[in-house]
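Trainee: Here the protein sequences come in this chain order: W and G. Per our numbering: the first sequence = residues 91 to 214. Per our numbering: the second sequence = residues 6 to 247.
Since the hints were derived computationally from the structure, they do not count as laboratory data. Every residue, glycine too, gets a C-beta built ideally from N, C-alpha and C. Wrong hints could be hidden among the right ones.
As the list claims (entries may be wrong) - One-sided excerpt, in silico: chain G residues whose CB lies under 7 Å from chain W:
| # | residue |
| --- | --- |
| 1 | 59 |
| 2 | 81 |
| 3 | 83 |
| 4 | 86 |
| 5 | 180 |
As the list claims (entries may be wrong) - Cβ pair distances, simulated, as ranges:
| # | chain 1 | residue 1 | chain 2 | residue 2 | range |
| --- | --- | --- | --- | --- | --- |
| 6 | W | 182 | G | 85 | 25 to 33 Å |
| 7 | G | 135 | W | 198 | 39 to 47 Å |
| 8 | G | 134 | W | 173 | 40 to 48 Å |
| 9 | W | 188 | G | 137 | 30 to 38 Å |
| 10 | W | 167 | G | 68 | 30 to 38 Å |
| 11 | W | 126 | G | 135 | 46 to 54 Å |
| 12 | W | 130 | G | 150 | 39 to 47 Å |
| 13 | G | 146 | W | 194 | 35 to 43 Å |
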Amino acid sequence: MTPVRVSIVGVLASVLLILVVLELVRGRRLKERYALLWLATGVVLLVLSAWRGGLNTIAGWVGVTSYPPAVLFAVATLFILLVLLHYSTVISKLTDENVELAQRIALLEERVGRPPTGPRSPAG
Amino acid sequence: MTRPRTVAVVPAFDESGAIGRVVGEIRAAQPGIDVVVVDDASTDDTAAVAEALGAIVLRLPFNVGIGGAVQTGFRYALEEGYERAVRLDGDGQHDAAEIGRLLGPLERDEAEVVIGSRFVDGGGSYRPPFGRRLGIRVFARLVSLLGGQRVTDTTSGFIALDRAGIELFAREYPHDYPEVEATLVALRSGLRLSQVQVEMRERETGASSITFVRSLYYIVKVLLALLVASLRRYPRLEGARR
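Construct all of the structure, not just a fragment, from the sequences and the given hints.
Mentor: Here is the structure:
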């Protein structure tokens, strides 16, 4: 069975995670779109921490018999991997868009015909 | 009869030592074609040198890598309505005198993409070091296998395109180490590919962008790109004839 202290720490940590994410979204430092996976992580960890019988049952399913909280770590790790993978796709998209913007700027500057050549002279 | 409008696309990064000669040689060899130098955010005066010699210069605001730079040139060609484009490197390794031969298969309507190959029929005097030769050969075999046409040199940056080729590469061109994957993409998009024997010169100034650590990344990246490209579906182009 999961030690009670582990459950308490798990609940506190999950709640903290959820609160921090919500605060970041509230302060517009994190977009809802990117907060969702973090919130899902927090909620799942909260449920598994608080619902001690459930954690035991799941641990039994996956063959973890000696120490059920290991499942908590495994699930947390899995979610972190998901978040990272998601961010890799986001970075890839940003990279493509960034290059495309650079290309557009190069093409537009040529069309406009006045490439910026350093700081403008004060006489202008 | 009017000659089809042709543009030479020359990607350049910190090539002020070579770009002048490259632009000059293209203009001397092919007075009728426009020269577009894509300055990939050089820290030297590459752009100014090229512009002084009458080249159209596209200045990228930051370094995007060779593929992104080349693609900028193809996008320019597409938007400005050029019918043909030739790509040469800004370091002077491609001989502008061979542009005419490279355009040959396009003029005879035999291909939409022409690759200046160093190894057609095993000819040419280019003898790279063993490791590189092996790499070039393996990539060529792989692309031939996956693309369904025998290609001898997939790492060559000396290529010529007609309108269909320009359209394809303006839309779809890998951003780093692009040549091998681009060759496969062209084949899988149904473009006819032709190869012309060319000589490559030793680079005149600057250093090759391929160092040992990078070559490892190069190999792995290109292999992955080929694998993925052969799993993807590429829509057949309007001008595809293959």
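Trainee: With reference to the structure, classify each hint as holding or not holding.
Mentor: Here is what the structure says about each hint:
| no. | hint | result |
| --- | --- | --- |
| 1 | 59 | 14 Å, violated |
| 2 | 81 | 6 Å, holds |
| 3 | 83 | 10 Å, violated |
| 4 | 86 | 13 Å, violated |
| 5 | 180 | 6 Å, holds |
| 6 | W:182 - G:85: 25 to 33 Å | 30 Å, holds |
| 7 | G:135 - W:198: 39 to 47 Å | 46 Å, holds |
| 8 | G:134 - W:173: 40 to 48 Å | 44 Å, holds |
| 9 | W:188 - G:137: 30 to 38 Å | 31 Å, holds |
| 10 | W:167 - G:68: 30 to 38 Å | 36 Å, holds |
| 11 | W:126 - G:135: 46 to 54 Å | 52 Å, holds |
| 12 | W:130 - G:150: 39 to 47 Å | 43 Å, holds |
| 13 | G:146 - W:194: 35 to 43 Å | 37 Å, holds |
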